[in-house]
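The lines below spell out each chain.
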Amino acid sequence: DAKTTQPPSMDCAERRAANLPCNHSTISGNEYVYWYRQIHSQGPQYIIHGLKNNETNEMASLIITEDRKSSTLILPHATLRDTAVYYCIVTWAGQTGANNLFFGTGTRLTVIP
Amino acid sequence: GAVVSQHPSRVICKSGTSVKIECRSLDFQATTMFWYRQFPKKSLMLMATSNEGSKATYEQGVEKDKFLINHASLTLSTLTVTSAHPEDSSFYICSAQTGLGYTFGSGTRLTVV
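Protein chains in written order, with this note's numbering: chain A, 1 to 113; chain B, 1 to 113.
For the record, the hints were derived by calculation from the structure and aren't laboratory data. For glycine and all other residues, C-beta sits at the position ideal for the given N, C-alpha and C. Hints may be right or wrong, so weigh each one.
Stated by the list, open to error - Listed below are several chain A residues computed to face chain B (Cβ distance under 7 Å; list not exhaustive):
| no. | residue |
| --- | --- |
| 1 | C12 |
| 2 | Q42 |
| 3 | G43 |
| 4 | P44 |
| 5 | H49 |
| 6 | W92 |
| 7 | T105 |
Unchecked claim - Pairs of lysine to any residue, SDA-like flavour, derived with a Cα cap of 25 Å:
| no. | chain 1 | residue 1 | chain 2 | residue 2 |
| --- | --- | --- | --- | --- |
| 8 | A | K69 | A | N57 |
| 9 | B | K20 | A | Q45 |
| 10 | A | K3 | B | K41 |
| 11 | B | K42 | A | S9 |
| 12 | A | K52 | B | D88 |
| 13 | B | K42 | A | N30 |
| 14 | B | K42 | A | P8 |
| 15 | B | K55 | A | W92 |
| 16 | B | K42 | A | S70 |
| 17 | A | K3 | B | K20 |
| 18 | B | K42 | B | T75 |
| 19 | B | K41 | A | Q45 |
| 20 | B | K14 | B | T111 |
| 21 | B | K41 | A | N30 |
| 22 | B | K20 | A | L51 |
| 23 | B | K42 | A | K52 |
| 24 | A | K3 | A | N30 |
| 25 | B | K41 | A | D11 |
| 26 | B | K55 | A | S9 |
| 27 | B | K41 | A | T110 |
| 28 | A | K3 | B | L46 |
| 29 | B | K41 | A | C12 |
| 30 | A | K52 | B | G101 |
| 31 | A | K3 | B | H85 |
| 32 | B | K42 | B | H85 |
| 33 | B | K42 | A | T72 |
| 34 | B | K41 | A | V111 |
| 35 | B | K14 | A | Q42 |
| 36 | A | K69 | A | S25 |
| 37 | B | K42 | A | N57 |
| 38 | B | K42 | A | T83 |
| 39 | A | K3 | B | S43 |
| 40 | B | K20 | A | S41 |
With these hints in hand, go ahead and build the complete structure from the sequences.
In C-alpha cells:
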C-alpha cells in the first residue's frame, strides 16, 4: 500500500511556482522521499529525492518538514511541459527489490497558459 | 545518466498470439529489473521482479505462466505476454534500480484485438 497521501489534482499558472504537497506521516527513520512524474503515455521520470535536508536540483526543490511527516515539491517556474502526474514515494534507497516502491494515485498537475 | 530502453513502444496483436517486450539497461548493468502495468488513468502496479540468472518473483495475483519473464543477461530483461487477450491490453513499463533510485523505460502500449 502507498505510504503517502497527495491531492488528486492541482492547477498552476504558467511561469508561476507549483507547490505539490505530500503527507507521509508513517515514514521511518531510514526511508527517503522520492518524487517522480509521468507525462501522458511515457514512463515515470525521476525528479528529486531527500532524506532530511531540503534538496534542490535543476528540475525542482524538495522541502521536507523537520518531523519528516510531510514534504513539498516545488517547481519554481512551471511551464506547459510540466503538466503531468506527480508521484511522491517513500522507500529505502539502495535496497534491492521494488516491493517497497508503491505508486499511489499521485497529483495531476495542470499548468495553465 | 542511466538509461533504460524499452521496445517496442506500441504493439497491436491478435487474440491468442504472444508478444515480447524488451527492456535494456544502457551503460549500466542491472541484476534486477521490474515490470509494471498501468491501466488508463490508473497508477502503476508492480507485476514482477526480474532477477538475472534466476526466476522472477511475481506479485500476488499475477499469473507467471501468462507473463513470462526472462533475464538472461545483466542488461536485458524480457516480458512475454502469452496467449494475449483483449483484457491484457495495457501500458507495460520496466525499470531498473540505479544510483538515483529507479530509472524507468518509456513504456509499451499493448493493444490486443
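Hint check results:
The closest approach between the C-beta of C12 (chain A) and any C-beta of chain B is roughly 20 Å, which is over the 7 Å cut-off, so the hint fails. Annotation: Q42 (chain A) was flagged as interfacial toward chain B, and the flag holds, the nearest CB pair being 6 Å apart, inside 7 Å. Of the supplied interface hints, the one on G43 (chain A) holds, with its beta-carbon coming within about 4 Å of a beta-carbon of chain B, less than 7 Å. Interface restraint check: P44 (chain A) against chain B, minimum CB-CB distance 5 Å, threshold 7 Å, status holds.
A distance limit of 7 Å between C-beta atoms decides the matter here; for H49 (chain A) the minimum to chain B is near 6 Å, and the interface restraint holds. Among the interface hints, the one on W92 (chain A) is violated; its C-beta lies about 10 Å from the nearest C-beta in chain B, farther than the 7 Å criterion. With its C-beta approaching chain B no nearer than about 5 Å, T105 (chain A) sits inside the 7 Å limit, and its interface hint holds. Taking the CA atoms of K69 (chain A) and N57 (chain A), the gap is about 22 Å. The hint holds against a cut of 25 Å.
About 24 Å separates the Cα atoms of K20 (chain B) and Q45 (chain A), which keeps this hinted pair within 25 Å; it holds. For the suggested pair K3 (chain A) and K41 (chain B), the alpha carbons sit about 20 Å apart, so the restraint of at most 25 Å is met. Of the supplied pair hints, the one linking K42 (chain B) and S9 (chain A) holds, its CA atoms being roughly 14 Å apart against a limit of 25 Å. Among the hinted pairs, K52 (chain A) with D88 (chain B) is inconsistent with the structure: their alpha-carbon atoms are about 41 Å apart, more than 25 Å.
This hinted pair does not check out: K42 (chain B) and N30 (chain A) have alpha carbons roughly 29 Å apart, beyond 25 Å. With a CA separation close to 12 Å, the supplied pair K42 (chain B) and P8 (chain A) stays within the 25 Å bound. With a C-alpha separation of about 24 Å, the suggested pairing of K55 (chain B) with W92 (chain A) holds against the 25 Å cut-off. Of the supplied pair hints, the one linking K42 (chain B) and S70 (chain A) holds, its CA atoms being roughly 24 Å apart against a limit of 25 Å.
Note on K3 (chain A) and K20 (chain B): the hinted pairing is violated, with a Cα-Cα distance of about 33 Å set against a maximum of 25 Å. For the given pair, K42 (chain B) sits about 29 Å from T75 (chain B) by alpha-carbon distance, which is inconsistent with the 25 Å threshold. Note on K41 (chain B) and Q45 (chain A): the hinted pairing holds, with a Cα-Cα distance of about 17 Å set against a maximum of 25 Å. At most 25 Å may separate the alpha-carbon atoms for a hinted pair to count; K14 (chain B) and T111 (chain B) meet this at roughly 9 Å.
This hinted pair does not check out: K41 (chain B) and N30 (chain A) have alpha carbons roughly 32 Å apart, beyond 25 Å. Proposed proximity of K20 (chain B) and L51 (chain A) is contradicted: the alpha carbons are some 38 Å apart, above 25 Å. Simply put, K42 (chain B) and K52 (chain A) have alpha-carbon atoms about 30 Å apart, too far for the 25 Å limit, and the pair is violated. Annotation: proposed proximity of K3 (chain A) to N30 (chain A) holds, straight-line Cα distance about 14 Å (limit 25 Å).
As the CA atoms of K41 (chain B) and D11 (chain A) are separated by approximately 18 Å, the hinted pair is consistent with the 25 Å bound. Of the supplied pair hints, the one linking K55 (chain B) and S9 (chain A) is violated, its CA atoms being roughly 39 Å apart against a limit of 25 Å. Of the supplied pair hints, the one linking K41 (chain B) and T110 (chain A) holds, its CA atoms being roughly 15 Å apart against a limit of 25 Å. A hinted pair counts as satisfied when its Cα atoms are at most 25 Å apart, and K3 (chain A) with L46 (chain B) qualifies at roughly 15 Å.
Between the alpha carbons of K41 (chain B) and C12 (chain A) the distance comes to roughly 20 Å, so the proposed pair stays at or under 25 Å and holds. Under the criterion of a C-alpha separation no larger than 25 Å, the hint pairing K52 (chain A) with G101 (chain B) is consistent with the structure, at around 16 Å. This hinted pair does not check out: K3 (chain A) and H85 (chain B) have alpha carbons roughly 33 Å apart, beyond 25 Å. About 20 Å separates the Cα atoms of K42 (chain B) and H85 (chain B), which keeps this hinted pair within 25 Å; it holds.
For a cut-off of 25 Å, the pair hint linking K42 (chain B) to T72 (chain A) stands: about 23 Å separates their Cα positions. With a C-alpha separation of about 18 Å, the suggested pair K41 (chain B) and V111 (chain A) falls inside the 25 Å cut-off, and the hint holds. Proposed proximity of K14 (chain B) and Q42 (chain A) is supported: the alpha carbons are some 24 Å apart, at most 25 Å. Only pairs whose Cα atoms come within 25 Å are accepted, and K69 (chain A) paired with S25 (chain A) is accepted, the gap being roughly 4 Å.
With a C-alpha separation of about 28 Å, the suggested pairing of K42 (chain B) with N57 (chain A) is violated against the 25 Å cut-off. For the hint pairing K42 (chain B) with T83 (chain A), the CA-to-CA distance comes to about 17 Å; that is within 25 Å, so the pair holds. For the hint linking K3 (chain A) to S43 (chain B), the alpha-carbon distance of about 14 Å falls within 25 Å, and the restraint holds. For the hint linking K20 (chain B) to S41 (chain A), the alpha-carbon distance of about 19 Å falls within 25 Å, and the restraint holds.
Checked against the numbered hints given earlier, this structure breaks hints 1, 6, 12, 13, 17, 18, 21, 22, 23, 26, 31 and 37; the rest are met.
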